[in-house]
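Chain by chain, the residues:
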Amino acid sequence: MGLPTGRLAVWWVVASEIVIFGGILGSYVMFRLSHDSWAEQAAVTNTLAGAFNTFVLLTSSLTAVLAHQAAERGDGPRAARLLHFTVLGGLTFLIVKAFEWTYEISHGYTIGSNLFWSFYYVAAGLHGLHVIVGMIIMLFVARTAKRNEELHRVENIGIYWHFVDLVWIFLFPLLYIAK
Amino acid sequence: MAEHATAHAHGETHHTNYVKIWAILLVLLVVSVVGPEFGIRTVTLITAFGVAIVKAWMVAHYFMHLNIEKKWVVYIMVIMLAFMLAMVGGISPDVLKHDGHNWEKLWEEPAPGAGGGAH
Amino acid sequence: MSAHAASHAEHGHHEQGFVRKYLLSTDHKVIGLQYLFTGMLMALIGGFTVYVFRMQLAFPGEEVPLWGRVTAAQYNALVTTHGSVMIFWVAMPVLIAAFGNFLIPLMLGCDDMVFPRLNRLSYQLFLLSALILIASFFVPGGPFGGAWTAYPPLSADPAYNATPWGATLWLIAVALEFVAFLLGGINFITTAMNSRAPGMKMFDVPIVIWMIVLASLVFMASVGPLIAGAIMLLFDQRFGTGFFNPATGGDPVLWQHLFWFFGHPEVYVVLLPALGIVAEVMTTFSRKKLFAYRTVIFTAIATSIISFFVWAHHQFVAGIDPRMAGLFTVTTLIISVPIAEMMFIYIATLYGGSIRFTTPMLWALAFIAEFLIGGVTGIYLGAAGSDVYFHDTYFVLAHFHYTFFPIAFIATFAGLTYWFPKMFGRMMDERLGKIHFWGTIIAFNVIFIPLFLTGAGGDHRRIFDYSLFPELAGLQGLRVLATIGLLVLIAFQPIFIYNFINSMFRGKVAGANPWRANTLEWAAPSPPPHGNFPEMPVVYRGPYEYSVEGRDEDYWPQHVPPDDPKRPAEQVA
Ligand code: HEM
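Residue numbers (our numbering), protein chains in the order written: chain Z, 1 to 179; chain V, 1001 to 1119; chain S, 2001 to 2573.
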């Protein structure tokens, strides 16, 4: 069907992830619509931290796509460098999240205190897991790319990373902005 | 196999200014953060979710290269989303309901000002 | 493609040790067989549990041989294990993973899956999930007993289900199994799309491959919400959230929706490969072209899509919105149309063929006959009005066993007896095969026809001891009859196991194409060596060119060049 095998497989991964996140976000939206009181809970979340993390992920998506561009020009080392920047973005994202969660948990907003917080931790946690997995795979891809090998993988991991970014683009308004 | 070669060559044939796309995304991010400051519900909803959809579209279109990907890939993704919408559509009449013929949900919305995490 | 080349290739891979060759192999055939044997072992568990709890129903309170007295909690655990194992650890791995792994590269004419190591990982995750499920028998509290549908609040709160560990292990096992099949499915789909033999167009692909790939797609598109739901349920069980708990603002009906949004398409996930196997067997043994090849494919696609819009018919009595119940009644009745169409197509394929009643063919014919009963009784349950009466009775149970037993066992037997020569290079014994066939089919009907009657008479499912309901005492005779049927059915299975193992080593040597069939797997030696084909095949025509006029032979393999004056594919002994 005209697609390289690796990229084809990544698209199928993305397709199956759409329904996983669709299930949890769909459930959240339905509950949110029937629980007006969640607005108050959502007001507690730190919009600035969320916005900063959105910025970080968008930027890491930029470096991922630039890495893809470099790989297409055959410049493996540059692609690897840009991938490392992307991983750094993921790391920043996780650190910010860790601070947020520490703050919230220490102020009593734990996973069991209210359904809003249950969704907050589970949905963002599932997303965070995807960030971690993406970072690990990206480190492997960067290692081969540096030697100018398997350059097509740079694009494939990029597609996955953009998808993780996409999920966050929706999580951000759902969890932080809609108050 | 010949098809693979053509599919792979696509990147160079066309030049997206990725940094520009990124800059637009950041502007949109600022819009979505500033939107709620007006305190108008409709504006908040539009700046939050309308903008999110635009951002998502831009990332998918330019960064994931759906603009130059085979069309059927786009259709698959849209079908997956459509299934999710159908699912939510089928579920919401039940989940959004708080009572029925012989039942009601016992849980009560906490009065404004109550609640919070102080458990 | 000479005999010489074939035996040569076969010698190539003998040096690897046992572990590398059979346990850590990335060869799709070995992985297929791993799935097959694991699935068959799990079927023993699924079968043993059903023996124990059927004995309890027929002779309540008595000692069951090999088990002892059954307690109420044990009964629930046994039923739950039986249901989950049969669907997730027998039907899925055998029909999709075993046949899919074994057949896809062979029938597409390539040497392996596109991602062999992903394939191995998929099996390892699956094995792990099976081990976790088995481990749940040995934890404090015992295995989960909240039914394979795991409805909360029963499944969410250890205070209700009394299996704090069993419930969690069950959930983790199921979720892991889903991940294994997602990985496998991605591999199947990508292989089928990107790695077909030269000349093989989309509409030259055999039906069984179409069906397995479609099933993988349906699985992929439907399982996501349940994975999300399983995570939520896991947090409800262990971390004090209340997603499905009304007392905290959650909603148990949400779980039912997430479960059945997957659960119903899942029925078609296992049905489609079964239909595919039957199509292959039927065309080969009626020596006729499949009636309406493309229509079968389009019908299957239509069925797959409609299957996403029928799920709430499992919840008619769960207090769902009545308008929705009306809607789902309509979609449910609609989905019976394409399925009926498929049945007609299969029957039309038989019409005018020169039918050979080999063992695989008998199984394939039985599939159609038995599945029809399952399909027709489903109409009563799809209509919300009559389902209010039938819901959760043994009528439902008999209905879905008339669909699942043909899928998980009848079609599997058809496929196993048909491809056995390809898998092991030897033929199975026909006489034993037929004895096993008749014993199984007759016993199967003796089990479940009485259960239709007890269901219509008022027996509810998931009841531990009917002697507590004196008004239903008149049905006890039928319950005993069903259990006797089960004992007979079980008694006939060792014949199959003996035949299977004995033929593996002592059966008649099969040759490459014993059934004189068309599809590409028969062009490879039996059993195919590592790399499958000594010489990669090229495809010239569709898979079902049987009894083509003007040819001496009544079959015309896909890989034989059209102008070849010689007889098709010299048999490789
Ligand atoms: C050997 C033939 C089989 C017999 C005699 C049998 C019998 C039964 C019986 C009597 C029950 C109901 C127990 C109760 O509600 O108290 C049951 C439940 C069930 N069976 Fe089977 N079964 C057989 C094969 C299968 C197969 C092949 C499948 C699926 C592939 C299957 C799937 C199920 C499921 C999903 C349930 C529901 C479990 C639950 O309520 O959680 N069974 N079976």
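I should point out that these hints are in silico values taken from the structure, not numbers from a laboratory. Note that the structure is a prediction, hence the values are computed from the model and not measured. Do not take every clue at face value.
To be verified - Examples of chain S residues lying across from chain V (beta carbon under 10 Å, computed):
{"hint": "1", "residue": "Met2220"}
{"hint": "2", "residue": "Ala2221"}
{"hint": "3", "residue": "Trp2311"}
{"hint": "4", "residue": "Asp2321"}
{"hint": "5", "residue": "Met2324"}
{"hint": "6", "residue": "Gly2374"}
{"hint": "7", "residue": "Glu2471"}
Said to hold, decoys possible - Derived coverage of chain Z by chain V (criterion: at least 3 residues anywhere in the stretch with Cβ under 8 Å from a Cβ of chain V; other residues may be distant):
{"hint": "8", "region": "11-17"}
{"hint": "9", "region": "28-36"}
{"hint": "10", "region": "52-58"}
{"hint": "11", "region": "124-134"}
Heads up, the beta-carbon is just placed ideally off N, CA and C, and yes, glycines get one too.
Can you verify the interface hint for Met2220/S: is its Cβ closer than 10 Å to any Cβ in chain V? Since the shortest Cβ distance to chain V is 9 Å, the answer is holds.
Please verify the coverage claim for the region 124-134 of chain Z: does it have three or more residues whose C-beta sits within 8 Å of some C-beta in chain V? violated (count 0)
Given hint Trp2311/S near chain V, where the shortest CB pair must fall under 10 Å: Holds - the Cβ of Trp2311/S comes within 10 Å of chain V, reaching about 7 Å at its closest.
A closest beta-carbon separation below 10 Å is what the hint needs, so does Ala2221/S meet it against chain V? Status holds, d = 6 Å.
Next item in the hint list is Glu2471/S. Is there a CB on chain V closer than 10 Å to its CB? violated, 25 Å
Taking the closest Cβ pair, is Met2324/S under 10 Å from chain V? Cβ of Met2324/S sits 5 Å from chain V, so the hint holds.
Interface hint status, Gly2374/S versus chain V (Cβ within 10 Å): violated, 25 Å
Has the region 52-58 of chain Z got at least three residues whose CB is nearer than 8 Å to a CB belonging to chain V? holds (count 3)
Apply the coverage criterion to the region 11-17 of chain Z and chain V: a residue qualifies when its Cβ sits closer than 8 Å to a Cβ of the chain, and three qualifying residues are needed. Coverage by chain V holds here, the residue count being 3 at a Cβ distance below 8 Å.
Would you check chain V against the region 28-36 of chain Z, counting CB to CB pairs closer than 8 Å, and say if three or more residues qualify? The restraint on the region 28-36 of chain Z holds, since 7 of its residues have a Cβ under 8 Å from chain V and three suffice.
Min Cβ distance, Asp2321/S to chain V: is it shorter than 10 Å? holds, 4 Å
Violated hints for the displayed structure, listed by number in ascending order: 6, 7 and 11.
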